[in-house]
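Asker: Given next are the chains, with one letter for each unit.
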Amino acid sequence: MAKRKGLFGRDPAGPLDYLRKWPLLTVMIATFVFLYVPLLTLMAFSFNDSRRNIVWRGFTTEYYGKLFNNTDLMIAFGNSLTIALFSTFFSLILGAMVAILLWRFRFPMKPFYEGTMALPIVIPEICMGVAMLAFFARIGWPNDLVWPISLANITIAHISFTFPFVAVIVRARLAGFNREQEEACRDLGAGDWEVYRDVIIPHMKPGLVAGGLLAFTLSLDDFVITFFTSGPETVTFPVKVYSMVRFSVTPEVNAASTVLIVITVFLTAIAMWLQNKGAEKK
Amino acid sequence: MDPWHKFRRIFYSVGIPPTIWLIAFFLVPLGLIWIFSFGEKVGVVGIDITWTLDNYVRSFNPDILTIFAKSLWLAAVATFICLVIGLPVALGIVYAPNKWKGLLLLGIMLPFWTNLLIRTYALIAVLRTRGYVNFTLEWLDGAARWFLELFGMGGIALAILGERFQALELLYNDNAVILGLVYVHLPFMVLPLYAALERLDRSYLEASLDLGAGHLRTLWNVVVPLALPGIISGLIITFIPALGSFLTPDLLGGPDSAMIATIIERQFKSANDWPFGSALSFLLMYITFGALAIRALMARRRGGDGMGG
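Line order of the protein sequences matches chains A and B. Going from the first sequence to my numbering is simple: count from 1 and add 96. Going from the second sequence to my numbering is simple: count from 1 and add 25.
Pulled out of the complex, with its shape left as it was, chain A reads as follows (with noise of 0.2 Å):
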C-alpha cells in the first residue's frame, strides 16, 4: 500500500482504511443501491403523472388526493392508527412491569421467567399469527362488535407481541441507574412508593418515551398477526394495502406507502434521538 502514499496530495490510505479500497467500495455502494433505489422509486414514482407509472410524465399529487378519498383506505388506516394508541398505552405499562421486575429483582426460576417472555420476540410471526387466530375463535369472541370495541382482539395480540420489546429497551435504561440516588431518596425519608414515582419512574422516562415509540409502529407495521385476526370489519391499513398489492401495483398503492414510510421512519427517528440524548446525559 506504500505506493499510494502522497498520491493526488491526500492523506495515504492506511492498511484498514477498507472502504478507501475499491472492492470494498463497490460493495458498499452496491448494498445501498440494492437497499434504496427500489423504496426510493417507489417512493418518487408515487408522484408521477401516469398511470403505467413507469416513465416520468410530471409531477403530481393526484394520488395523495384518491387515497383521501377512498373511504376504505382511511378507514382502515383509522383502525391501524386507533389499534396502535391502545396498545401502545397498554404495552408501555406491562413492559415497564417486566422491566422493573427483572432489573430490581432476585426470584427463583428467574432465567426460565426470562426465556418465557422473550419468547414472543423469536418464535415465528406466522405461528403467534395462527395461535391468536385460534384461540379468538375458540373462546367465542364475537364479530359484532361497535366499533373501537370490535378492534380489542387485534390490540390484544399486538400488545402480546410489543410488550416484551418494551421490557427489553426500558430495562436496559434501568440498567444505568444509580442506586445512590436511591439511597439518598431512603434517607430523606422516602417510603418505597415514593421512591418509585419520584426517583426510579423519572429516570425510565426516556426508556419509556423509546419504547412506546417502538411499540407504536411495530404495531402499525404488523401485517402477519393482524392478517390473522382481523375480521372483515376490521381491516387495518397493511392488510389493505397487502390485498391492493395482490391484485397490482397501482399510483395508489405507492402513496399509500410512502404515507406509511414516512410515518415510521419519522417515529423511529424520534425515538433513536430521544434514546441518544438520554445517554449522552448520563
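Please keep in mind that the hints were generated in silico from the structure rather than gathered at the bench. Zero decoy hints are in this set.
Here are the simulated distance ranges between beta carbons:
#, chain 1, residue 1, chain 2, residue 2, range
1, B, E194, A, A214, 39 to 45 Å
2, B, V249, A, K206, 32 to 38 Å
3, A, R293, B, G279, 55 to 61 Å
Straight-line C-alpha distance at most 25 Å; calculated DSS-like pairs for lysine-lysine:
#, chain 1, residue 1, chain 2, residue 2
4, B, K124, A, K117
5, B, K95, B, K294
6, A, K206, B, K31
Even for Gly, the Cβ is constructed at its ideal location relative to N, Cα and C.
On the provided structure of chain A, position chain B as indicated by the hints.
Answerer: Just chain B, lined up with the frame of chain A:
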C-alpha cells in the same frame, strides 16, 4: 438486586399483571394450538382432541417434507448471501472514519424500519415484467441495436439479441424469493457482524498485514476465526426469521415456491384443517428453538473458553 421477599408488595404489583397477560394472551393461545395439533378434524369447524400423532405423521409425507426442505434451502441460501454481502459491509463500517460510522449504520437500519409489506411491494414494482429493471434492460437493448445498426451490423444484433426484446421473468420464482429474503433480512446480518468486528483488536489485522499476508488471507485467517461467534450469531439471527417468512414467498414466489408459513396459512384459511396447521406451526417452532439452542450453546462454550484462557 434485591431478593423478592424483601419487597413483597412491589414485587407482586409489578410481577402479577404482565405474568397474567403473558399467560392469558400468549401461552394459552400457543397451548391451544399445541393441543389442536393432537386433534382430529370433525366436520367443517369441529376439532376432536384424540391425542393422535396423525398430524405429525402427515407432516412427514413427501409433499410436506419437500416444502420443509425447500424452506430450509431457500432460507439457508438467503442467509449465506446475506453473510457474503454483510461481512464486507460490516468491515467497511467498522473501519470507516468515525463521522461516517453512525451514518452508515443508520443507512443499513433505515430500510429495516419501513414496513415489510411495503419493502416486498417495492421489489415487485422493480422486478415485474413491466418494472424498472426490465424497462432499463429494454432501453439498453434498444441502444445496443441502434449502435450496431449504425455500424451496419444489424445482422449481428439480430443474432445476439433476437427478433425483439424479451422481458425477463424476474418475479414469481425461487430466485425472486431468495432476493426478497436477502433484501428484507440483510440488516439482521450486518448488525451482529458489526458488533463482533467492532470488538476485534485491530492490531491483529495490522500484524497479519505487516507480516505479509494479503487482505483476503487476513480476512480468511484472522478476521473470520476471531469474529466466528458473531458470524454464527448473525447466521442464526438471519436464518430464523427467513425460515418463518410468510409475505416474501407469498408475494414474490411462484406456485411451487411455497414455504412452511405458506402451508400453515393455507391450513388455517383455505384448507380449514386446523389440527394439521397447528402441528406444522409447532414443527416450525421446534426448528426455531433448535437454532436458538445452538446459538446459546455456542455462547456458553465461548464463555468457558474465555475463562480457561
